[in-house]
Amino acid sequence: MLRHYFLIMCCLIRFAVIAEPSPFDQRVSQSIEIDDYNLAIEALKSLEGNSLSTSEQSLLNLSYADVAIRHGQIQDALAYALQASRYAQSQRLLEDVAKANKLEAVTYYYLGDYDKAIDGYQATLVHYRMVNDYVQQANLLNNIGLANIRVAEYDNALVAYSEAQSLYQQYGSVEDQIDIKHNLAVLYISLRQYDNAIAHYEEVLQWHKANSSQAQIMHIYGEYSVPLKLAQQYQRALEYGLLAVEYYRDTNNPYALASALHNASEVHFELENYQAAGELAGQAITMAREIGHQKALSGALYTLAKTRFVFQDTEQAIEYLSQAQAIATEANDQALELPIRWLFAMLHANQGNNREALDAMQIAINQQNKLNNISLNTKLARYQSKMLAQEVNQLKHAKALEELRAKQVFEYWVAVVICLVLFGFLSFVLYRRNVERRANSLLTQKMLERTKQIEELNRELSLSSQSKVNQ
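Under the numbering used here, the first residue of the sequence shown is numbered 1, with each subsequent residue one higher.
There could be a bad hint or two in this list.
[Stated by the list, open to error] Quick list of the computed label-pair ranges, beta carbon to beta carbon:
hint, residue 1, residue 2, range
1, Q235, L52, 53 to 63 Å
2, N353, R289, 22 to 32 Å
3, E175, L94, 22 to 32 Å
4, S166, Q89, 42 to 52 Å
5, Q89, R405, 22 to 32 Å
6, D359, E319, 12 to 22 Å
7, Q232, N353, 26 to 36 Å
8, Q367, S213, 24 to 34 Å
9, G352, Q275, 22 to 32 Å
Keep in mind that the hints were calculated from the coordinates and are not lab data. Glycine is no exception: its CB is placed at the ideal position from the N, C-alpha and C atoms.
Construct the entire structure; sequences and hints are all you get.
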């Protein structure tokens, strides 16, 4: 949970113009970097004025949402993002419309409305495909993968990550490659491959410790505690989790703090520190309610229900669990819905309500079977898709062979025609040469005969002249 702020913010828009930013752009960037949320917003508001161009006003609108997300003020961020989107649309600033839509999708992700987040990311992806911005495409695919993990659409997540990884390899940076590893670690957690998740996190942490700020490292610490807990490395999980809690308390980031408190409460529960688990879960619930962090709220309610059950407060446990179930169902959080059903069965059995316990157990079994069927159907669909792809490839191959044969036949007849034309031309040339040779021969022969005739005539004239002289 904790890493999503940092990860998605790494994929967000670059507001400043890269080549020689204007003084206005520089002041916006400086305002965004202010550590205090209220001071950052005030600094941005001081830049408002009638002299702003449409592009500057749009940049300012986007920056409000950016600052709100950075400081975990997600409800404010959503309002700012919607305002930025409306303004950009009215001014036909298509690039800024895409940026605003992306920010809006990010806020929906944080608020636990993953379907809206996916829709927003995909709509924005269309724009960046049209303008051939490959890095932004990869960033959006990265975010789509994260959201799909939250709704247990693991195949869709893998498809998105694969495409993002391919784009990052061609157009991205080393940090982009690290982000993909980070996402895969989250996916491994969902697939219960905790050793793989831990290995990926350790590689990611090593890189960020050498290249990133304390804030980024703390985000990773908070999330790293999750696979450590699930791998039953509870002391290490608690160490990293509490580091994140203290950091977010000091930096006043309510969204990340709610997630960190929930994760730390879960670790305390596994260590059988039930009192501490309940206290941290209660703090997480209060924080999550204030900011609308549905994921942390449902998780913390579930943890608090477990601690109430341990202390034999069954009625209170059922109340908390009912609230958690309502939120998880609305958010389609199947990963949480299933353990909630099982805990309901245990609570009803503890009260002696055997009928309700059996009903809850049956619902849990049905839900587990449904998840298994979805997995099997997905594998079957993948297999059928693979078979269909093979058939298509075979048809393409057969068509290619047919086209090759047709091309060969065409080339054969072209060669035959060329040969016939050449043969005719050569025959004509040879015929002309033969005719010319014969004509020259006849002319030469006639000239020789004429020469002989002239010579004989001259001889006769000469003899005639001599005979006249003698007479």
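Evaluation of the provided hints:
In this structure the hint that Q235 and L52 lie 53 to 63 Å apart at CB holds, the actual value being about 54 Å. Our hint of 22 to 32 Å for N353 and R289 holds, since their Cβ atoms are close to 29 Å apart. One distance hint, 22 to 32 Å for the beta-carbon pair E175 and L94, holds here, with the actual separation near 27 Å. Taken as a hint, the range 42 to 52 Å is violated for the pair S166 and Q89, whose Cβ atoms sit roughly 32 Å apart.
Distance hint for Q89 and R405: a CB-CB separation of about 55 Å, inconsistent with the stated range 22 to 32 Å. Under the hint 12 to 22 Å, the C-beta atoms of D359 and E319, about 18 Å apart, fit the expected range. Distance hint for Q232 and N353: a CB-CB separation of about 33 Å, consistent with the stated range 26 to 36 Å. A C-beta distance of roughly 42 Å is found between Q367 and S213, which places it outside the suggested range of 24 to 34 Å.
In this structure the supplied range 22 to 32 Å holds for G352 paired with Q275, their Cβ-Cβ distance being about 27 Å.
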